[in-house]
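Residue numbers (the UniProt record's numbering), protein chains in the order written: chain G, 1 to 896; chain X, 1 to 136.
Hint data in this document are derived by calculation from the structure and do not stem from the laboratory.
Careful, some of the hints might be misleading.
Unchecked claim - So the derived list for chain G, only partly shown, Cβ under 8 Å to chain X, looks like this:
(1) R653
(2) E654
(3) H675
(4) R678
(5) T679
(6) F687
(7) I690
(8) L691
Cβ coordinates follow ideal geometry from the N, Cα and C atoms, glycine included.
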Amino acid sequence: MPFNLLVLACLAYVVFLFCVAFWVERRAYAGRFGWLRSPLVYTLSLSIYCTAWTFYGAVGYAARSGMEFLTIYLGPTLVFIGWWWVLRKLVRIGRKHRVTSIADLISSRFGKSNALGVVVTLMAVVATTPYIALQLQSVVLSFGVFSNAADSLDAGQTAIWVAGGLAVFTIIFGTRNLDAQEQHHGIVTAIAVEAVVKLVALLAVGIFVVWGLAGGVGAMLDRIDASELSAWTMQPGRWTGLIFLSAAAVICLPRMFQVMVVENADEGHLATASWAFPAYVLAMSLFIVPIAVIGLERLPDHANPDMFVLTLPLHEGQNALAMLAFLGGFSSATSMVIIEAIALSTMVSNHILVPGWLRLRPQAAVADDLRGVVLNARRLSIAAVMAMGYGYYQLSGGSAALASIGLIAFAGVAQFLPAMVGGIFWRGATKAGAMAGLLIGFVTWAYALFLPSFGPDAVLSASLLAEGPWGVTWLRPQALFGVAGMDPLIHAIFWSLMLNGTAFFVISVLTFPSPVERLQGAAFVNVFDEGSGAPRRWSRGEAEPEELLVMAQRILGDEEAQVLFESEARGQGKTQSLLPDPTPEFISTLEQRLAGSVGAATAHAMISQLVGGAAVSVGDLMALASESAERAEHSAQLEAQRAELARTAGALREVNEKLTRLSVQKDAFLSQISHELRTPMTSIRAFSEILAEGDLPPEMVARNGRIIHEETKRLTRLLDDLLDLSVLENGKVTLSLTLSNLRDMIDRAIQASEQVKPEREVVFRRDLMRENIFLRTDADRLTQVFINLISNARKYCEAEFPEIRINLRMRGGRVIIDVIDNGRGIPKDAQSTIFEKFTRLPEEGRAKGAGLGLAICREITENLGGTIAYLPGQGGAAFRLILPLRLDLGAQGQGG
Amino acid sequence: MGREVLLIEDEENIAEAIRFILTRDGWQVVHLAEGRGAARRAAELMPAVVILDTMLPGASGLEILAEMRSNLLTAHLPVVMLTAKSQPRDREAAERAGADRFLAKPFANADILAVVRELAAGRKTGLGPSGGAAVA
Chain G
1 MPFNLLVLAC LAYVVFLFCV AFWVERRAYA GRFGWLRSPL VYTLSLSIYC TAWTFYGAVG
61 YAARSGMEFL TIYLGPTLVF IGWWWVLRKL VRIGRKHRVT SIADLISSRF GKSNALGVVV
121 TLMAVVATTP YIALQLQSVV LSFGVFSNAA DSLDAGQTAI WVAGGLAVFT IIFGTRNLDA
181 QEQHHGIVTA IAVEAVVKLV ALLAVGIFVV WGLAGGVGAM LDRIDASELS AWTMQPGRWT
241 GLIFLSAAAV ICLPRMFQVM VVENADEGHL ATASWAFPAY VLAMSLFIVP IAVIGLERLP
301 DHANPDMFVL TLPLHEGQNA LAMLAFLGGF SSATSMVIIE AIALSTMVSN HILVPGWLRL
361 RPQAAVADDL RGVVLNARRL SIAAVMAMGY GYYQLSGGSA ALASIGLIAF AGVAQFLPAM
421 VGGIFWRGAT KAGAMAGLLI GFVTWAYALF LPSFGPDAVL SASLLAEGPW GVTWLRPQAL
481 FGVAGMDPLI HAIFWSLMLN GTAFFVISVL TFPSPVERLQ GAAFVNVFDE GSGAPRRWSR
541 GEAEPEELLV MAQRILGDEE AQVLFESEAR GQGKTQSLLP DPTPEFISTL EQRLAGSVGA
601 ATAHAMISQL VGGAAVSVGD LMALASESAE RAEHSAQLEA QRAELARTAG ALREVNEKLT
661 RLSVQKDAFL SQISHELRTP MTSIRAFSEI LAEGDLPPEM VARNGRIIHE ETKRLTRLLD
721 DLLDLSVLEN GKVTLSLTLS NLRDMIDRAI QASEQVKPER EVVFRRDLMR ENIFLRTDAD
781 RLTQVFINLI SNARKYCEAE FPEIRINLRM RGGRVIIDVI DNGRGIPKDA QSTIFEKFTR
841 LPEEGRAKGA GLGLAICREI TENLGGTIAY LPGQGGAAFR LILPLRLDLG AQGQGG
Chain X
1 MGREVLLIED EENIAEAIRF ILTRDGWQVV HLAEGRGAAR RAAELMPAVV ILDTMLPGAS
61 GLEILAEMRS NLLTAHLPVV MLTAKSQPRD REAAERAGAD RFLAKPFANA DILAVVRELA
121 AGRKTGLGPS GGAAVA
């Protein structure tokens, strides 16, 4: 089979995957999820458990050690069938706390400790980098099977092309969205497609072997009986150990956590996966033994059993089948590498790069564009993970050490098990315990299994392996504490997990959790008790809502942050302002949203900076320290009831205050009107008396006449405005609805506003294409609103080169129009009152307006079924107008 | 004693009218358009009469009056307050702050002239400003 054809098929397959991912991303972006969120896609994506190591290696494993390969499948099967309640809890916690990775889960659980996050991240990177190298090796090997000597295939070059291509694919589809909770639909679907390809490939080879070569099921069974495979002996200790190990790995592997918890769209999918995933795994393992037996029978002795899936069809001249098998193996390798890279890069960027960067520049939390920083950190991490995988592949030179690396990686990540499972089921677990367990387990694993795996004299000297360090025999890496003669793998698993679990338990019992740990512990362990919910973590503090908004915009993006704040503000019953009060509940919500982007520990640190340092007030700390966890829970319920009462009382008080305020406002209003009317009247009276006295020079007469005229006009305008306002406020306004072009209205308003400070050159930045829409509304009234807003900007924007931006976009049948100038904006304390009548800002006292313009704007927009609000955090003064595209007079009555 | 009147009023047209009326009668009018620094200006100038508007940008008329009254130099300067509001509450507040006279807007030209003449004369004859009852 020509080698070029193989490369071509490979490229075509990759392009196909690209297209699938692109198409799905676009669907998801448009909000059409449909089958994207089906349990089938979820189950198939779980199949990244089966890597190239299982695709090719299982046959080799069977050829060498008989049925033992089954343990690798039995572990996950047991977890999914028997222990799916553990998974359910993990998934629930993951969704509720917006967990982005396994490091994030452990760090969050133990008081949002970033130190733990860093440790878990480093462990995951060390344990799984060789695993990535193994995948690269399998792709290189499978290419090698096809190439003959003449092709002089450079293995290193193939590996670098594969690693580079995977890095590009992962960066493109893995870092499109920042919020890890927004999930990677494109990639997950591509992974699901690959899962189908590898299953079909393996089944096809198996069917060919059983019915094509062996001559049916009966004949096949006879041959298995006759082969040396049937002579294998079962070692119960090793079997138990391996089943346990693969069961732990399916929960602890970063890539499994990624697809199982982070990418989970619906908890219910677990129910399907609990039988469908074992079925998939069963199908994958069905033909392993037949392929191994027939391979041993038919292929020459020197043939590598790891490549039987490929070499058997090739040997029999079945080129198309071999090609399919090749794509199956390719799929297994690439899907694992992609997801592993995403999972690891999320950890590296969230726990190491971004916190480090924030530590170097603490002010950056609010000042810089963090979104870009996080995305770049993630891209960098993906490239680094790939580079490390490739580097490891080169260093190990594709040696035999790689063959066992799959199980070594399993044992490495299994060290997360005590901290993770202990953390979600045992409230007494503490950060110190988790840290101690993880470190001891990791060191033992490295010393007893990982480092010796490179072979004698590679990292650990042969003498150290044989006699122990400094001749201390009970410290021999493969016979710790004098336990010799054990299988090295089982020996290492036993000691590392034993020491890990013991340290975790003992130190947890001996240490006291901090209040944040205790709160997080309760929230994780009791995740299914909806009632108690996430405990109160933030005291009201000194958080400025505007600073919170600015920070949220940097991380979530302007649009999403504004939607979040707006909906919260509406939820709090605010109609004038888009900024909600920084209630503890809201800050917690915000923290969770940020956690989805930058990880819990970082989000916590950033919020603490704004809320005034301490996450929990001193009072909270004292109370928590003195109370047992159970009593804290009980008091939380009382607290909830008390809060309910306080809310009711608060509502009553508010109504009362509002009534009082209304009465005061009425007096103030009358006195304001009196002032506004008397001012022009004073000028008119004074000058007309002067005129009446006579004997003035003619130019003085003319001047006095002009002043009187000017002041009369002002009086008339004021009366007009007042009348207008009273009509609007009483809802007695008659609207004449027409279908009118928004752009024309804005054009008219700009023209009409030119008489305000005509000497000023104002630059308008508009999007004429978007403005070209038709609204069913009262065009004259709406134009009046634009005139008021634009005139205000002309009048008060103090920038040297004044600029007015008009942004526009649609959202669900409504149009959102922002009018923003480049001046200094409106001071924070005045933002809430500018829509009240007769409000003028202190500095603008000399302006002739009576302070009715914005009040009229508000009344008009409300009559037009819309809202107007001050848009904070834009630099200059900014107003957001939200209007319905089609105003329906029937519905309008409710608003007025 | 001087013939100077300090006028603190932010409405340009009203200020122009008062300046015209008083200048014709032989007074020198010094005009300030905002409240900031007005009390200090009064201490520098020591005018015969101060005419003070109630609603001013920078500092309110009441604040300026209180500041003047707390300074020994200006504590006894005669002050006329111009008020656009006829609410008794506002007048009480001004009275407490120590205004000598009130003129409600709109006022007759003759009234402001008479008040200025009267206050200036009162000071010349040595009658304390507190001697006169506040009339509008």
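Now for the hints, and whether the structure bears them out:
1. R653: Where the cut-off is 8 Å and the nearest Cβ of chain X is about 26 Å from G/R653, the hint is violated.
2. E654: 27 Å, violated
3. H675: 4 Å, holds
4. R678: 4 Å, holds
5. T679: 6 Å, holds
6. F687: Check passed: Cβ of G/F687 comes within 6 Å of chain X, closer than 8 Å.
7. I690: Given a least distance of 6 Å, the restraint on G/I690 holds.
8. L691: 11 Å, violated
The structure does not agree with the numbered hints 1, 2, 8 stated previously, though it agrees with the rest.
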